[in-house]
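Peer 1: Listed here are the chains, written in short residue letters.
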Amino acid sequence: MILGAARGVYYVATMLLFGGSAFETLLRAKLPVITPLRWQSLRWAVLILALLAALAWLGLAARQMADRLDGQILARTATDTLFGQIFLLRLVSLLGLTLLMTFRRCRKLAVALAALALALPAATSHAAQASPAGFIAIGATLDGVHLLACGFWIGGLAVLAMLFRRKEPNIHLALSLFSDGAIVAVMLLVMTGLINAASILLGHGTPAPLYLGVLGTKLALVAVMLGLAAINRFRLMPRAYDSMIPRNAALELGLGLTVVMLAGALGHLQPVL
Amino acid sequence: MKKFVLLLLLTSSPAFAHAKLVGYDPAANASVKSPTMIKLKFSESLEPAFSTASLSDSAGKILPVPKSVGGATITLLPIGLKPGAYHVNWQAVGHDTHKLSGSFVFKVIP
Ligand SMILES: [Cu+2]
Chain Y
1 MILGAARGVY YVATMLLFGG SAFETLLRAK LPVITPLRWQ SLRWAVLILA LLAALAWLGL
61 AARQMADRLD GQILARTATD TLFGQIFLLR LVSLLGLTLL MTFRRCRKLA VALAALALAL
121 PAATSHAAQA SPAGFIAIGA TLDGVHLLAC GFWIGGLAVL AMLFRRKEPN IHLALSLFSD
181 GAIVAVMLLV MTGLINAASI LLGHGTPAPL YLGVLGTKLA LVAVMLGLAA INRFRLMPRA
241 YDSMIPRNAA LELGLGLTVV MLAGALGHLQ PVL
Chain A
274 MKKFVLLLLL TSSPAFAHAK LVGYDPAANA SVKSPTMIKL KFSESLEPAF STASLSDSAG
334 KILPVPKSVG GATITLLPIG LKPGAYHVNW QAVGHDTHKL SGSFVFKVIP
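One line per chain: the protein sequences are Y and A, in this order. FYI, in my numbering the residues of the first sequence are 1 to 273. FYI, in my numbering the residues of the second sequence are 274 to 383.
The hints are simulated quantities; they were obtained by calculation from the structure and are not laboratory data. One or more of the hints may lead you astray.
Straight-line Cα separation of at most 30 angstroms, DSSO-like style, residue types lysine-lysine; simulated pairs [as the list claims (entries may be wrong)]:
{"no.": "1", "chain 1": "A", "residue 1": "312", "chain 2": "A", "residue 2": "334"}
{"no.": "2", "chain 1": "A", "residue 1": "340", "chain 2": "Y", "residue 2": "218"}
{"no.": "3", "chain 1": "A", "residue 1": "340", "chain 2": "A", "residue 2": "372"}
{"no.": "4", "chain 1": "A", "residue 1": "334", "chain 2": "A", "residue 2": "372"}
{"no.": "5", "chain 1": "Y", "residue 1": "218", "chain 2": "A", "residue 2": "293"}
{"no.": "6", "chain 1": "A", "residue 1": "334", "chain 2": "A", "residue 2": "293"}
Using the sequences provided together with the hints, build the complete structure.
Peer 2: Here it is as structure tokens:
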């Protein structure tokens with residue numbers, strides 16, 4: 001359970017880092033009329049959270065595999081398992097990001113490093129493991145795309161929330177730029193999610209009730225998020241009911257963070273009996 | 274494309290999300306002549322650093338037996354097992370870091 005929480009927090013943090021910087025870079029390029037956000041301290045907090053969650057995930061996974069935890073087991077996990085080697089790559093990405101943020105350099109590279117940190121765990125996910133022999137790379141890629149698409153959606157919403165808070169006068173421009181990207185991200189998210197769920201659950205035996213329960217809750221929350229997004233995009237935005245949009249977007253973000261935490265737990269539950 | 278992927282997933286060989294034991298030789302409760310190889314096959318590739326199996330006799334004494342973990346298989350190479358009941362205990366960790374364990378019994382006959 002605590003392992004699921006560490007994984008969930010890691011996803012939340014790297015999604016905010018990736019999606020937030022990706023949408024911010026898009027804003028700078030496409031809408032120079034909007035003054036760039038100042039969220040350096042929040043970004044540092046999220047980066048530190050990602051590093052701590054990555055370390056906790058490593059330690060908890062090592063303890064799960066060996067039934068105990070000491071320096072030797074931790075080292076063996078980091079160097080001798082695929083999960084550990086992927087962990088080291090994620091650590092390098094996050095440390096690279098730390099350097100870029102310290103020297104305030106190269107935003108696009110920072111987006112790429114955050115994307116790596118977010119998507120790499122897909123290589124040891126159930127979506128990868130449940131793929132038939134020879135197709136593990138496809139399962140891992142689909143799960144990676146799933147994570148990145150979700151990251152863009154959630155990170156973008158967080159940037160919008162910051163723009164609402166400072167009462168950005170050109171918020172409607174940012175909203176329509178976001179919704180163009182978010183529609184593509186949500187389509188990818190739903191498509192890859194369905195394929196992953198099918199590959200994990202179908203044809204391997206009876207689905208486990210707990211797994212189905214958590215998955216069902218996650219899907220129900222995503223459905224509410226999609227409903228809120230659709231109301232904002234297709235009803236409120238054309239009519240400029242501005243006061244409702246921030247409230248709905250904040251609700252959507254809150255639900256999104258809950259969904260990601262559920263996804264963290266789901267990754268450690270046994271899908272089929 | 275989507276239909277194709279689904280079809281591919283549904284028609285290909287079974288896999289599970291955790292590393293499950295899907296086949297073993299000798300079979301559980303089988304009576305065999307002293308085997309020189311015990312093979313455990315799992316549903317997915319294992320992490321050799323944390324996957325293992327052991328052989329013990331009816332008194333519960335663990336016997337020193339050479340073993341190897343490769344791909345989705347754990348192999349034990351016993352020599353000259355005397356007639357009697359033997360337990361195989363296994364622990365399998367897949368790339369997802371999840372651990373499953375179990376055991377089975379077989380009998381050696383003269
Ligand atoms: Cu698993």
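Peer 1: If you draw a straight line from the CA of residue 334 of chain A to the CA of residue 293 of chain A, is it 30 angstroms or shorter?
Peer 2: The given pair, whose Cα atoms are some 26 angstroms apart, holds under the 30 angstroms limit.
Peer 1: Mind checking the alpha carbons of residue 334 of chain A and residue 372 of chain A for me, to see if they're no more than 30 angstroms apart?
Peer 2: 24 angstroms, holds
Peer 1: Verify the proposed pairing of residue 340 of chain A with residue 218 of chain Y, using a straight-line Cα cut of 30 angstroms.
Peer 2: 43 angstroms, violated
Peer 1: Hinted pair, alpha-carbon criterion (30 angstroms max): residue 312 of chain A, residue 334 of chain A. Please report holds or violated.
Peer 2: Roughly 20 angstroms between the alpha carbons, so the hint for residue 312 of chain A and residue 334 of chain A holds.
Peer 1: Just to be careful, I want the Cα atoms of residue 340 of chain A and residue 372 of chain A compared with a cutoff of 30 angstroms; is the pair within it?
Peer 2: This hinted pair holds, its Cα atoms lying about 19 angstroms apart.
Peer 1: If you draw a straight line from the CA of residue 218 of chain Y to the CA of residue 293 of chain A, is it 30 angstroms or shorter?
Peer 2: Roughly 26 angstroms between the alpha carbons, so the hint for residue 218 of chain Y and residue 293 of chain A holds.
Hint compliance for this structure: hint 2 is the single one not met.
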